[in-house]
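In case you want the letters, here they are:
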Amino acid sequence: MLDLDMGAYAAFVWPAWGISALALAALVVRSVMAARRWKRELDRLEGGK
Amino acid sequence: MSAGRVLLKRELSLAWGGGGGPLLACGFFLALTAIVPLAAGGDPRVLQPVAGGIAWIALALASLLSLERLFERDFEDGALDLLALGPLPLEAVFAVKALAQWLAIGLPLAVAAPVAAIALGADPGWAPLILGSALLGSLGFAFTGALGAALALGSKRGGLLIAVVVLPLFIPPVIFGAGALEQALTGLSPWPALALLGATPCSPWR
Amino acid sequence: MDIANGSHMIGRLCIDDLGLSRGERVLFHGLSVDLDAGEALALTGANGAGKTSLLRAIAGFIRPDAGAVRFSEGPGAEIEPETARARHIHLLGHLEGLKGARTAREELAFQTAWCGRGGIDSAVEALGLAPLLDLETRKLSAGQRRRLSLARLIAAPRALWLLDEPLAPLDARWRAVATQLMQDHLAGGGMVIAAVHDPLDLPCHTLDVGAAS
Amino acid sequence: MVFGLANPDRFMRFTRPLMPVVWAAAVGLLLAGTWLSFTAPEDYQQLDTVRIMFVHVPAAWLGLAAYVALGVSSFFALVFRHPLADAAARAAALPGAVFTALALATGSLWGKPMWGAWWVWDARLTSVVVLFLFYVAYMALRAAIDDEAKAARAAAVLGLVGLVNLPIVKFSVDWWNTLHQPASLLRAEGPSMTAAHLTPLLVMGLAYMMLFTALWLTDIRTEVRRRRVLTMRARAAQEA
Numbered sequence: 001m002l003d004l005d006m007g008a009y010a011a012f013v014w015p016a017w018g019i020s021a022l023a024l025a026a027l028v029v030r031s032v033m034a035a036r037r038w039k040r041e042l043d044r045l046e047g048g049k
Numbered sequence: 050m051s052a053g054r055v056l057l058k059r060e061l062s063l064a065w066g067g068g069g070g071p072l073l074a075c076g077f078f079l080a081l082t083a084i085v086p087l088a089a090g091g092d093p094r095v096l097q098p099v100a101g102g103i104a105w106i107a108l109a110l111a112s113l114l115s116l117e118r119l120f121e122r123d124f125e126d127g128a129l130d131l132l133a134l135g136p137l138p139l140e141a142v143f144a145v146k147a148l149a150q151w152l153a154i155g156l157p158l159a160v161a162a163p164v165a166a167i168a169l170g171a172d173p174g175w176a177p178l179i180l181g182s183a184l185l186g187s188l189g190f191a192f193t194g195a196l197g198a199a200l201a202l203g204s205k206r207g208g209l210l211i212a213v214v215v216l217p218l219f220i221p222p223v224i225f226g227a228g229a230l231e232q233a234l235t236g237l238s239p240w241p242a243l244a245l246l247g248a249t250p251c252s253p254w255r
Numbered sequence: 256m257d258i259a260n261g262s263h264m265i266g267r268l269c270i271d272d273l274g275l276s277r278g279e280r281v282l283f284h285g286l287s288v289d290l291d292a293g294e295a296l297a298l299t300g301a302n303g304a305g306k307t308s309l310l311r312a313i314a315g316f317i318r319p320d321a322g323a324v325r326f327s328e329g330p331g332a333e334i335e336p337e338t339a340r341a342r343h344i345h346l347l348g349h350l351e352g353l354k355g356a357r358t359a360r361e362e363l364a365f366q367t368a369w370c371g372r373g374g375i376d377s378a379v380e381a382l383g384l385a386p387l388l389d390l391e392t393r394k395l396s397a398g399q400r401r402r403l404s405l406a407r408l409i410a411a412p413r414a415l416w417l418l419d420e421p422l423a424p425l426d427a428r429w430r431a432v433a434t435q436l437m438q439d440h441l442a443g444g445g446m447v448i449a450a451v452h453d454p455l456d457l458p459c460h461t462l463d464v465g466a467a468s
Numbered sequence: 469m470v471f472g473l474a475n476p477d478r479f480m481r482f483t484r485p486l487m488p489v490v491w492a493a494a495v496g497l498l499l500a501g502t503w504l505s506f507t508a509p510e511d512y513q514q515l516d517t518v519r520i521m522f523v524h525v526p527a528a529w530l531g532l533a534a535y536v537a538l539g540v541s542s543f544f545a546l547v548f549r550h551p552l553a554d555a556a557a558r559a560a561a562l563p564g565a566v567f568t569a570l571a572l573a574t575g576s577l578w579g580k581p582m583w584g585a586w587w588v589w590d591a592r593l594t595s596v597v598v599l600f601l602f603y604v605a606y607m608a609l610r611a612a613i614d615d616e617a618k619a620a621r622a623a624a625v626l627g628l629v630g631l632v633n634l635p636i637v638k639f640s641v642d643w644w645n646t647l648h649q650p651a652s653l654l655r656a657e658g659p660s661m662t663a664a665h666l667t668p669l670l671v672m673g674l675a676y677m678m679l680f681t682a683l684w685l686t687d688i689r690t691e692v693r694r695r696r697v698l699t700m701r702a703r704a705a706q707e708a
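Chains as they are written, first to last, in the numbering used here: chain C, 1 to 49; chain Z, 50 to 255; chain V, 256 to 468; chain F, 469 to 708.
Take the hints with a grain of salt, since some may be wrong.
[As the list claims (entries may be wrong)] Across the chosen pairs, the derived CB separations fall in these ranges:
#1 C/M33 x F/A474: 44 to 52 Å
#2 V/D453 x F/K618: 32 to 40 Å
#3 V/G398 x Z/L156: 36 to 44 Å
#4 C/K39 x Z/W240: 53 to 61 Å
It should be emphasised that the hints constitute simulated quantities derived from the structure, not laboratory data. Just so it is clear, the structure is predicted and the values come from calculations on it, not from any experiment. Backbone N, C-alpha and C fix where the C-beta goes; we use that ideal spot for every residue, glycine too.
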């Protein structure tokens with residue numbers, strides 16, 4: 001049964017999960033953006049040559 | 050764009066990009082904070098009273114490290130000649146470089162100071178005061194440090210000479226900064242110490 | 256305060272009875288020469304004769320032992336040395352002051368914005384720098400770095416060019432282009448003082464620095 | 469098989485079909501793990517704070533696993549001149565550092581309700597701090613040296629030296645911990661693991677592992693492309 005009521009510990013559990021989610025999301029976004037940027041740059045150079 | 054802003058933008062991109070910028074200073078800061086309990090034991094009863102002081106020592110030493118790059122590198126690759134040919138007088142160039150140093154390295158260190166102090170057992174309630182005093186202190190370190198770096202220019206002794214020249218100049222900011230914490234701890238108002246701390250960045254202009 | 260478009264703010268440069276020494280060694284003394292807008296001066300002399308020091312003394316980086324360097328717009332209109340250095344002088348030494356980790360575009364843009372106000376496109380065009388712009392300056396050859404510095408002279412126009420062996424690292428093709436750029440600068444009322452080993456092929460006075468010691 | 473992948477082209481072709489699978493698995497496991505974490509019963513002793521463990525422990529695992537990946541890649545880069553190994557080591561550094569930092573942050577958030585202090589210099593947390601310092605050292609070294617080839621070689625040596633020193637550091641920190649027994653603190657030997665808590669922990673651990681793999685492979689592929697672009701640009705500049 002889903003228990004979202006952290007009671008007195010809400011001030012610790014949610015920040016812990018929050019920080020983790022944020023940090024991992026940032027890592028993913030950075031990785032995907034870099035991949036796309038260099039892929040486009042490579043295609044442009046290979047295409048353009 | 051005014052010449053000053055152009056120079057500030059380049060100095061920030063140099064301090065931030067190449068050499069990892071704050072990564073170096075904060076890495077050193079974290080290492081220092083971690084070594085103290087490893088050396089003196091992790092027992093909060095031992096660390097707690099000196100937590101603020103240790104954070105300040107780490108702040109001073111970390112600020113010291115990045116001073117060598119401030120002028121020495123420009124002197125060696127001829128950039129200083131170019132800066133001297135610019136519209137800004139050299140005093141202004143000095144101020145912009147010290148400011149860039151503070152923004153790129155002093156600020157992250159000042160933010161790290163309360164974290165380190167709390168890790169060493171300081172009461173989280175003091176975090177704002179530690180942050181405030183560290184901000185002022187790192188500004189003082191940046192300007193007095195820049196003075197030392199300028200004096201030691203071209204001496205080929207590099208960091209060590211700057212450290213020896215600058216550390217005595219760091220004593221007032223350290224005393225006022227750590228003192229502000231002590232006064233606050235004992236219930237006195239930290240403001241007089243902070244005011245004196247705020248005065249230290251002006252020392253190079255005397 | 257913008258630079259007059261013709262960039263010939265300095266009408267006359269006069270060096271009278273200049274004496275300079277490096278450490279204890281006296282380089283030269285009693286050196287006098289005048290230069291008017293549109294004229295070039297080639298400095299010759301053996302290595303260590305003091306050509307570079309003379310250029311740096313004119314730029315105001317070194318305080319001479321005796322004599323003085325004076326800039327004037329016209330008869331009686333003296334220009335302060337600080338103003339001259341801040342607005343009217345370019346010094347191109349062996350060290351180009353380029354930051355290795357930054358790209359050529361960033362460095363050229365900074366140097367141009369710092370020394371004056373002007374777009375870098377015409378200069379990039381004149382010195383064929385387009386393919387180099389994305390490269391970090393430490394990856395450039397000596398010749399390419401020199402062309403990047405010469406581009407600064409074009410992009411941020413200033414009256415007096417102080418050049419320390421400007422053509423040395425360039426190949427034949429770019430030496431011709433650089434000489435042409437100097438020609439255009441003189442035609443526009445600018446002044447050029449260059450320390451050289453082999454003579455410049457453009458009309459100029461010559462001063463043997465060694466002879467004055 | 470490992471040497472087969474040495475050739476960048478073959479590596480790119482081999483990993484291309486893998487990418488969607490790995491990313492899908494990572495996201496799926498993360499969702500499942502989160503769901504399990506919040507449907508597990510409260511711990512009788514720690515109540516809800518046990519849910520922090522589901523993000524703290526996997527982060528610490530991955531911080532260590534990433535450094536092992538970094539160290540092994542450095543080994544291949546140094547000893548076998550494996551062209552992709554340097555890209556692999558470089559790609560493992562940032563995610564590893566972030567996982568370790570997460571372990572520290574969540575550890576501190578877990579320590580406050582359980583031990584009453586934001587930070588306790590006990591053996592486990594202190595060795596995670598030292599691991600974080602290893603990452604900072606690695607990234608600082610690689611960032612500080614302009615010339616990429618020199619930076620790669622120096623970083624490979626540091627990565628390998630770090631890997632060798634990790635067990636030594638772990639042992640010394642544990643020994644240090646016995647010296648300075650913080651008597652006043654509740655000696656928490658770590659939560660007693662009931663089955664209901666084990667599954668979310670393992671699923672989250674697997675999810676973090678899969679996420680790291682996805683990030684790592686993506687960053688290596690990006691690094692291969694980045695280097696190709698740089699060589700092309702340098703060649704174009706040659707003619708200038």
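Right, here's what the structure says about each hint:
For C/M33 and F/A474, the Cβ-Cβ distance of about 28 Å falls outside the hinted range of 44 to 52 Å, so the restraint is violated. The hinted window of 32 to 40 Å between V/D453 and F/K618 holds, with their beta carbons roughly 37 Å apart. Between V/G398 and Z/L156 the C-beta distance comes to about 41 Å, which sits within the given range of 36 to 44 Å. With their beta carbons about 56 Å apart, C/K39 and Z/W240 fall inside the hinted range of 53 to 61 Å.
Comparing the model with each numbered hint stated earlier shows that hint 1 is the single one that does not hold.
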